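**Student:** Start from the sequences, fold in the hints, and give me the full structure.
Heads up: the sequence lines are chains V and W, in that order.
Per our numbering, the very first residue in the first sequence carries number 834; after that it's consecutive.
Per our numbering, the very first residue in the second sequence carries number 44; after that it's consecutive.
Think of the hints as simulated: they come from the structure by calculation, not from any bench.
Predicted model, so just to flag it, every value in this text is computed and none were measured.
Just to be clear, a hint being listed does not mean it is correct.
The following label-pair restraints were derived from C-beta to C-beta distances [said to hold, decoys possible]: (1) W/Met44 / V/Pro890: 24 to 30 angstroms; (2) V/Gly878 / W/His123: 37 to 43 angstroms; (3) W/Met44 / V/Asp917: 36 to 42 angstroms; (4) V/Asn964 / W/Val45: 23 to 29 angstroms; (5) V/Pro950 / W/Asp170: 19 to 25 angstroms; (6) V/Asp905 / W/Leu106: 35 to 41 angstroms; (7) W/Glu152 / V/Asp905: 44 to 50 angstroms; (8) V/Glu861 / W/Gln157: 56 to 62 angstroms; (9) W/Leu51 / V/Ser920: 39 to 45 angstroms.
Every residue, glycine too, gets a C-beta built ideally from N, C-alpha and C.
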Amino acid sequence: MSETLHISLGRRYHFAASHRLHTTKLSEEENNRVFGKCNNPYGHGHNYTLEVRFSGPVDHATGMIANIADLDAFVNERVIEPFDHRSLQDEVPAFRHAVPTTENLCVEIFQRLKTFPVATLEAVRVEETSNNSFEYGGN
Amino acid sequence: MVYLTRKLEFSASHLYHSPALSAEENRRVFGKCNNPHGHGHNYTLEVTIAGEPDPVTGMVLDLKELKGILDREITQRMDHRFLNYEVAELKNQIPTCENVARVIWNLLEPKIPQGHLHRVRLYESADLFAECYRDGARGIAR
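**Tutor:** Listed below in structure tokens is the structure:
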């Protein structure tokens with residue numbers, strides 16, 4: 834095979850947050866029908882798992898695409914601190930007007946992490962529960 | 044194309060130290076991983092083979108055969124070993140997850156008799172992994 838071997842680095846993080854799926858674009862009845870239990874006005878929560886994948890050249894001296902300590906500090910500051918033990922629609926500005934589904938959460942997290950200076954963000958995958966996961970690669 | 048993934052586990056020790064860096068820089072860059080006595084992990088390896096199922100056997104690659112290749116090439120070479128000192132392919136590189144994954148790719152790719160190696164994903168812990176694939180295979184069966 835002539836194509837270049839591509840190497841990426843994956844890291845998983847955990848946070849817990851509450852949300853409510855509700856949109857002002859629909860009537861109360863439609864919200865209830867579309868979102869079901871997730872429309873409960875008091876909200877509900879999940880233990881989210883966030884998986885991020887970064888690619889880039891493996892540094893010859895360190896053997897690393899990125900130093901895990903630097904990556905952890907960046908993800909903690911950009912995502913874990915502002916999201917963990919928070920109410921997504923009340924405390925994360927992006928969800929004041931967008932429904933905090935896990936699809937939208939992936940997109941928001943991608944926007945927050947794509948500026949990591951050391952390596953290129955390839956994809957963000959979020960597990961809302963062990964049975965539901967969503968992935969976004971920036972397009 | 045059908046993708047077949049086989050998982051295996053092995054345990055090994057390693058340490059991170061670069062002769063290109065000073066002792067102080069090694070400690071700063073690698074932190075706890077620079078402990079000269081080393082430390083260990085339970086690694087989980089996922090190997091994905093891509094191919095068309097054989098019209099007679101219905102298999103991309105006989106799992107027994109794949110299991111034998113993985114045992115010879117990976118388990119016997121790396122399980123319960125000190126990666127820095129006992130794995131020849133890693134002697135001149137730091138055994139980060141990225142480098143170990145690449146060494147595994149290079150060991151396995153020429154040994155796959157049917158189909159081809161599509162992806163290698165190596166977990167050092169449940170929350171840290173590195174993966175290798177050919178650029179042309181990006182985005183497929185991830």
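**Student:** The structure should be examined with respect to each hint, and the outcome stated for every one.
**Tutor:** Hints versus structure:
no. : hint                                    : verdict
1   : W/Met44 / V/Pro890: 24 to 30 angstroms  : holds (29 angstroms)
2   : V/Gly878 / W/His123: 37 to 43 angstroms : holds (42 angstroms)
3   : W/Met44 / V/Asp917: 36 to 42 angstroms  : holds (40 angstroms)
4   : V/Asn964 / W/Val45: 23 to 29 angstroms  : holds (24 angstroms)
5   : V/Pro950 / W/Asp170: 19 to 25 angstroms : holds (22 angstroms)
6   : V/Asp905 / W/Leu106: 35 to 41 angstroms : holds (37 angstroms)
7   : W/Glu152 / V/Asp905: 44 to 50 angstroms : violated (32 angstroms)
8   : V/Glu861 / W/Gln157: 56 to 62 angstroms : holds (59 angstroms)
9   : W/Leu51 / V/Ser920: 39 to 45 angstroms  : holds (42 angstroms)
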